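Given next are the chains, with one letter for each unit.
There are 4 protein chains.
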Amino acid sequence: MPNPVEENCRVILVDEKGNRILLHAIDEVQKIKGLGVYNPKELIGKDYWESIDISGKKFMILSPSIFDKISAIQRKAQIILPKDGMFIIFYCDVKSGDMVVEGGAGSGALTILLANSVRPNGKVISYEKREDFMRIAKRNVESAGLGDYVEFRRGDVTSTIDETGIDAVVLDIPNPWDAVNNALSGLKLGGHLACYSPTMNQVEKTVNEMRKFGLEWIKTLETMQREMVVGEKGMRPSFDALGHTGYVTFGRKIR
Amino acid sequence: MPNPVEENCRVILVDEKGNRILLHAIDEVQKIKGLGVYNPKELIGKDYWESIDISGKKFMILSPSIFDKISAIQRKAQIILPKDGMFIIFYCDVKSGDMVVEGGAGSGALTILLANSVRPNGKVISYEKREDFMRIAKRNVESAGLGDYVEFRRGDVTSTIDETGIDAVVLDIPNPWDAVNNALSGLKLGGHLACYSPTMNQVEKTVNEMRKFGLEWIKTLETMQREMVVGEKGMRPSFDALGHTGYVTFGRKIR
Amino acid sequence: MPNPVEENCRVILVDEKGNRILLHAIDEVQKIKGLGVYNPKELIGKDYWESIDISGKKFMILSPSIFDKISAIQRKAQIILPKDGMFIIFYCDVKSGDMVVEGGAGSGALTILLANSVRPNGKVISYEKREDFMRIAKRNVESAGLGDYVEFRRGDVTSTIDETGIDAVVLDIPNPWDAVNNALSGLKLGGHLACYSPTMNQVEKTVNEMRKFGLEWIKTLETMQREMVVGEKGMRPSFDALGHTGYVTFGRKIR
Amino acid sequence: MPNPVEENCRVILVDEKGNRILLHAIDEVQKIKGLGVYNPKELIGKDYWESIDISGKKFMILSPSIFDKISAIQRKAQIILPKDGMFIIFYCDVKSGDMVVEGGAGSGALTILLANSVRPNGKVISYEKREDFMRIAKRNVESAGLGDYVEFRRGDVTSTIDETGIDAVVLDIPNPWDAVNNALSGLKLGGHLACYSPTMNQVEKTVNEMRKFGLEWIKTLETMQREMVVGEKGMRPSFDALGHTGYVTFGRKIR
Numbered sequence: 002m003p004n005p006v007e008e009n010c011r012v013i014l015v016d017e018k019g020n021r022i023l024l025h026a027i028d029e030v031q032k033i034k035g036l037g038v039y040n041p042k043e044l045i046g047k048d049y050w051e052s053i054d055i056s057g058k059k060f061m062i063l064s065p066s067i068f069d070k071i072s073a074i075q076r077k078a079q080i081i082l083p084k085d086g087m088f089i090i091f092y093c094d095v096k097s098g099d100m101v102v103e104g105g106a107g108s109g110a111l112t113i114l115l116a117n118s119v120r121p122n123g124k125v126i127s128y129e130k131r132e133d134f135m136r137i138a139k140r141n142v143e144s145a146g147l148g149d150y151v152e153f154r155r156g157d158v159t160s161t162i163d164e165t166g167i168d169a170v171v172l173d174i175p176n177p178w179d180a181v182n183n184a185l186s187g188l189k190l191g192g193h194l195a196c197y198s199p200t201m202n203q204v205e206k207t208v209n210e211m212r213k214f215g216l217e218w219i220k221t222l223e224t225m226q227r228e229m230v231v232g233e234k235g236m237r238p239s240f241d242a243l244g245h246t247g248y249v250t251f252g253r254k255i256r
Numbered sequence: 002m003p004n005p006v007e008e009n010c011r012v013i014l015v016d017e018k019g020n021r022i023l024l025h026a027i028d029e030v031q032k033i034k035g036l037g038v039y040n041p042k043e044l045i046g047k048d049y050w051e052s053i054d055i056s057g058k059k060f061m062i063l064s065p066s067i068f069d070k071i072s073a074i075q076r077k078a079q080i081i082l083p084k085d086g087m088f089i090i091f092y093c094d095v096k097s098g099d100m101v102v103e104g105g106a107g108s109g110a111l112t113i114l115l116a117n118s119v120r121p122n123g124k125v126i127s128y129e130k131r132e133d134f135m136r137i138a139k140r141n142v143e144s145a146g147l148g149d150y151v152e153f154r155r156g157d158v159t160s161t162i163d164e165t166g167i168d169a170v171v172l173d174i175p176n177p178w179d180a181v182n183n184a185l186s187g188l189k190l191g192g193h194l195a196c197y198s199p200t201m202n203q204v205e206k207t208v209n210e211m212r213k214f215g216l217e218w219i220k221t222l223e224t225m226q227r228e229m230v231v232g233e234k235g236m237r238p239s240f241d242a243l244g245h246t247g248y249v250t251f252g253r254k255i256r
Numbered sequence: 002m003p004n005p006v007e008e009n010c011r012v013i014l015v016d017e018k019g020n021r022i023l024l025h026a027i028d029e030v031q032k033i034k035g036l037g038v039y040n041p042k043e044l045i046g047k048d049y050w051e052s053i054d055i056s057g058k059k060f061m062i063l064s065p066s067i068f069d070k071i072s073a074i075q076r077k078a079q080i081i082l083p084k085d086g087m088f089i090i091f092y093c094d095v096k097s098g099d100m101v102v103e104g105g106a107g108s109g110a111l112t113i114l115l116a117n118s119v120r121p122n123g124k125v126i127s128y129e130k131r132e133d134f135m136r137i138a139k140r141n142v143e144s145a146g147l148g149d150y151v152e153f154r155r156g157d158v159t160s161t162i163d164e165t166g167i168d169a170v171v172l173d174i175p176n177p178w179d180a181v182n183n184a185l186s187g188l189k190l191g192g193h194l195a196c197y198s199p200t201m202n203q204v205e206k207t208v209n210e211m212r213k214f215g216l217e218w219i220k221t222l223e224t225m226q227r228e229m230v231v232g233e234k235g236m237r238p239s240f241d242a243l244g245h246t247g248y249v250t251f252g253r254k255i256r
Numbered sequence: 002m003p004n005p006v007e008e009n010c011r012v013i014l015v016d017e018k019g020n021r022i023l024l025h026a027i028d029e030v031q032k033i034k035g036l037g038v039y040n041p042k043e044l045i046g047k048d049y050w051e052s053i054d055i056s057g058k059k060f061m062i063l064s065p066s067i068f069d070k071i072s073a074i075q076r077k078a079q080i081i082l083p084k085d086g087m088f089i090i091f092y093c094d095v096k097s098g099d100m101v102v103e104g105g106a107g108s109g110a111l112t113i114l115l116a117n118s119v120r121p122n123g124k125v126i127s128y129e130k131r132e133d134f135m136r137i138a139k140r141n142v143e144s145a146g147l148g149d150y151v152e153f154r155r156g157d158v159t160s161t162i163d164e165t166g167i168d169a170v171v172l173d174i175p176n177p178w179d180a181v182n183n184a185l186s187g188l189k190l191g192g193h194l195a196c197y198s199p200t201m202n203q204v205e206k207t208v209n210e211m212r213k214f215g216l217e218w219i220k221t222l223e224t225m226q227r228e229m230v231v232g233e234k235g236m237r238p239s240f241d242a243l244g245h246t247g248y249v250t251f252g253r254k255i256r
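For the protein sequence lines, the chains are A, B, C and D, in the order given. 2 is the number of the first residue of the first sequence in the numbering used here; add one for each residue after it. 2 is the number of the first residue of the second sequence in the numbering used here; add one for each residue after it. 2 is the number of the first residue of the third sequence in the numbering used here; add one for each residue after it. 2 is the number of the first residue of the fourth sequence in the numbering used here; add one for each residue after it.
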């Protein structure tokens, strides 16, 4: 099945040694490391997995995975990493067809992960009160080819959440406790709430607010990930480590 | 939209204090903690979220989340926990519509997670060489309401993988290196391979085999998760901890 | 150099297969697993490393290490584990000859570690307000053969610390912030303060109090330890894990 | 008790805001950040805790703690961090008066920790086969004021260990298994062996060699440490993290 590169999408070029160059298929002549001066729009219409020649060098056009898409985003705010985002998807039971409301789009990293999980029939509604963040998040989601599954709303979930019958509400704002009430009004019976926070004090306040509002199965998790390195001298964990990102607190609406 | 309990599915009953009783909607009179003697088939046909009376006590019928479904499975072999499984889904780019081959069904915990991610149009093909494991995995997948998205095959992925054009192959067998060749033959260009192994020696052998076969972006991860507890004296990580489970090694076929 | 077993000390008997039996050299006929009915006082006066016969079985008399001594203590309160205690010793610069004040003896586990580090010329002063804890701590310290280096005081460090010129003050009480002022009065210039607390709320209050009192190089650490297992199928981290114990907060008096 | 700064020792100057400048009390005019051009030999003979004026700024002369001494060392090889070193001291039962043999002095970081623990009557014998490492290690140990407790030997512990009656042997070499036999010959009955290795493969070989030679209570540990940050928004683990350093394997000679 032919599968052509579309405008505005991410494309990976792989040379014969396996080096990757991540490109954005837009009309903009630019200097690209490993390619020289190049206009990525020339890739539009070519098929993924096709081999092409650029300045005498052979490349394969590779379709980016969800990992590549998230790695490629333009970051403005601190993003929610997949190590945390995948557990939001699991504990919120996010699946194909769901309607998910996100409070705080940030740079759109979690939005991409959520959109990828609800497609092809679900929808992510992403509230963001800052115009600049919303613009970046929107661009990142579109470049990931997931624009059809996301609706951005300029707004603050602590003031209002317009939707009802929501499957899951995910909050990445400094004061998630102020949005618990709105989240509960929008959630369907059995729906899930997740709040991402860097500090323990935020978690404590969130948990207490969730308890006050009668959410069930409240649980807070911290996820740590290490890369293992297989080298000539043997295998060991990486000398580099990922520091703290955030805690995620979950609860379920059952009344 | 009415949504009745079907035969053979998992059902959660929640009493007025928030206690959960997990049931299996089959015809079998049994003594159930918190319920007394009861036949769960009586739940079949009732709607989720309906309130019912059992022996004078009020319960709500709750639809189980993916977390509940995995917690409820009957275990024979050691299972792949969601903390590891969700990263297999992320790094293998598993999404709605994909065809995923699993080598080693075990008790079906990962099968459930994969099936949940490929629906409604994708498919998981799960190879298992032991008849007894396959029977349990099948029952667990069906009880999770995901039977339509999984095909079980009695067989050993180190001998053969019949499918081609596969999006991702996931191996949970003691000797994944022996199946790398078959996995590569079945994977489409750009497809992902993941191998789950408890020991570093298995990881090392797997990584070396993946390198030999020219897979790209080989990466091994260990994921650790801690629960945080908010109590009267304040917040802290749990005094209980989850020990080691396994490492997951990833690679991508790009030639 | 002959080195006889003294009354009231810990002794380890090792059989020919390497099994250890930990004994307390006191006059009390008892049933001991692996030995039968035996009076450990019979060991008093024998030399460590001597071989002896008990009911026809051969044993070697082994001198307990600091690890054995701490493993052997009778526990009443939650103890400070060596994984945390060794960092108290490091960051408080505890060394041979130091005078250390401990607030909250608990079961005496940390007392043993501290006493072991200040000998032969230093001293640990251990305050404990509960009579029952003090009695147990004292017995544990004596059984560890370290009674000469510890002085127990019935009292509460939040009310008073009598000593001055102290090298380090270590607090294991629920409200360490209430003793910061007393600790500072007793510490010599350049002396160190360490506070052990399970919850983040305690840490936060302690850090803020230390800042208020002008301590320098305030630092809070969490230490995690995993055992690695080498088995027939290869090497991996242990499936069992140690959960959270506590955080330790350090500060130095420089004015 | 007056306690004057000696030549070649480490000194810390603290200004009135609590900033630290770490100096080496030698005769060498140098440009020092925060001080300008200065000759640290001017500090020799002054008392610790004395206040001095340098170019019109007030400083206090502070005695470095063991933490400062190790932070100040000149590094050539990768050092064993205190987080690992303190467990070597604990599980090897290193204490005042002990004789410890170190195989591989490296930059002398662990040597400093060991010397600090055996004083005033013990001794560390440190073997190092590289002349350049030995010179650096020696200088670091002397600057830490611990030269009296360490004897350096140019040599390779896999060839010979001359001492007998050793309390503990600590190996930080790439092939510790090749020195297990020599270590055992030198250790007294009941003595401890510790081997530090970055990779799992080294651990596996070491454990198997220790088992072959009949050491008892073989145990491998990994220690992880996180700093906690108390900020305006609350408390959380540090966003920076310490990656993997090494595993330490312990065993005891009991026959």
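The set of hints was computed from the structure by calculation and includes no laboratory data. Computed from a prediction, not measured in an experiment: that's the story for all the values here. Hints are supplied without guarantee of correctness; some may be wrong.
Note: identical chains are not told apart, hence a pair may lie in one copy or across any two.
Straight-line C-alpha distance at most 30 Å; calculated DSS-like pairs for lysine-lysine [what the hints assert, rightly or not]: (1) 59 / 42; (2) 213 / 32; (3) 189 / 77; (4) 58 / 139; (5) 59 / 234; (6) 213 / 189; (7) 34 / 124; (8) 58 / 77.
Which holds for residue 213 with residue 32 at a C-alpha limit of 30 Å: within a copy, between copies, both or neither?
-> neither (56 Å within a copy, 34 Å between copies)
How do residue 189 and residue 77 come out at 30 Å by Cα distance, when the copy is not named: within, between, both, or neither?
-> Neither way: residue 189 and residue 77 sit 32 Å apart in one copy and 35 Å across, limit 30 Å.
Intra/inter-copy verdict for residue 59 and residue 234 if alpha-carbon distance must be at most 30 Å = Answer is neither: 34 Å inside a copy and 44 Å across each miss the 30 Å cutoff.
Between the shortest in-copy and the shortest cross-copy C-alpha distance, which are at most 30 Å for residue 58 and residue 77: within, between, both, or neither?
-> neither (34 Å within a copy, 42 Å between copies)
Copy assignment of residue 213 with residue 189, given that the CA separation must stay at most 30 Å | within (18 Å within a copy, 48 Å between copies)
Since the copies are identical, ignore which copy is meant and state whether residue 34 and residue 124 lie within 30 Å (CA to CA) inside a copy, between copies, both or neither.
-> neither (37 Å within a copy, 40 Å between copies)
Up to 30 Å CA-CA - residue 139 versus residue 58, copy category = neither (34 Å within a copy, 50 Å between copies)
With identical chains treated as interchangeable, where does the CA-CA distance between residue 59 and residue 42 reach 30 Å or less: within a copy, between copies, both, or neither?
-> within (18 Å within a copy, 63 Å between copies)
Violated hints, in rising order: 2, 3, 4, 5, 7, 8; the structure is consistent with all others.
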